[in-house]
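Here UniProt numbering is used: the sequence shown runs in plain steps of one and ends on residue 177.
Treat the hints as calculated values from the structure; they're not laboratory data. Heads up, the beta-carbon is just placed ideally off N, CA and C, and yes, glycines get one too. Treat each hint with caution, since some may be false.
[Unchecked claim] Ranges between beta-carbon positions, derived for each pair:
#1 Val13 to Thr166: 17 to 25 angstroms
#2 Asp137 to Glu74: 31 to 39 angstroms
#3 Val13 to Ala160: 18 to 26 angstroms
[To be verified] Below are the EDC-like pairs computed for lysine to aspartate or glutamate, each with C-alpha atoms no more than 20 angstroms apart in a straight line:
#4 Lys139 to Glu54
#5 Lys73 to Glu54
#6 Lys73 to Asp34
#7 Lys139 to Asp34
#8 Lys73 to Asp62
#9 Lys139 to Asp170
#10 Lys73 to Glu61
#11 Lys139 to Glu74
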Amino acid sequence: MPAHLVAEIIQGVLHTFPRPASPHGAAATSLTMDLGQPFQRGRGGPGGWWFIGEAELHLGEDMLVPDLAGWRKERMPLIPTVTFFTRPPDWVCEVLSPSTATHDRIRKMPVYARAGVTWLWLLDPIARSLEVFHLLDRKRFAQEQTFAEGDVVRASPFHAIELDLTAIWDAIAPEGG
């Protein structure tokens, strides 16, 4: 696979996409920084999580690459030295872009549900929104919370801290800017 593409396999079908554009990467990096200190390092928060960007997940026959994945340390005490993970994460964040939004919502969300991922976030740096989903009956996600551009939020499962969504978007120029 060429290095400029991201590849995923869902229900036996190969899907390829160009590497993410700068708004996507900036939003993912900002969110990782906001969550990493309190939840991975335990500074100003409860700790107890590992976060990995673009971790390759092998979930049954499907192979996905979420933008961010998080595992509770009680389920994964140490990060294994592997090239891909077979243990489903507890939380996934997909950063939406025009080329991947439909794929993330229609194809990937059902795979995450079947695998038992408890929490799923959809972060949209263009619409400047955050949607929070919670797994129901290991079959489907229910939308629990929706936030917009300037909100300061407590979003599950990271409700122990406030996230200022403006800080996630503040370095991103308006579309076309």
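Each hint tested on the structure:
1. Val13 to Thr166: 17 to 25 angstroms: Check failed, 38 angstroms falls outside 17 to 25 angstroms.
2. Asp137 to Glu74: 31 to 39 angstroms: violated, 22 angstroms
3. Val13 to Ala160: 18 to 26 angstroms: violated, 39 angstroms
4. Lys139 to Glu54: violated, 24 angstroms
5. Lys73 to Glu54: holds, 18 angstroms
6. Lys73 to Asp34: holds, 18 angstroms
7. Lys139 to Asp34: At roughly 30 angstroms apart (the allowed maximum being 20 angstroms), Asp34 and Lys139 break the hint.
8. Lys73 to Asp62: violated, 24 angstroms
9. Lys139 to Asp170: At roughly 36 angstroms apart (the allowed maximum being 20 angstroms), Asp170 and Lys139 break the hint.
10. Lys73 to Glu61: violated, 25 angstroms
11. Lys139 to Glu74: Violated: Lys139 and Glu74 sit about 24 angstroms apart, past 20 angstroms.
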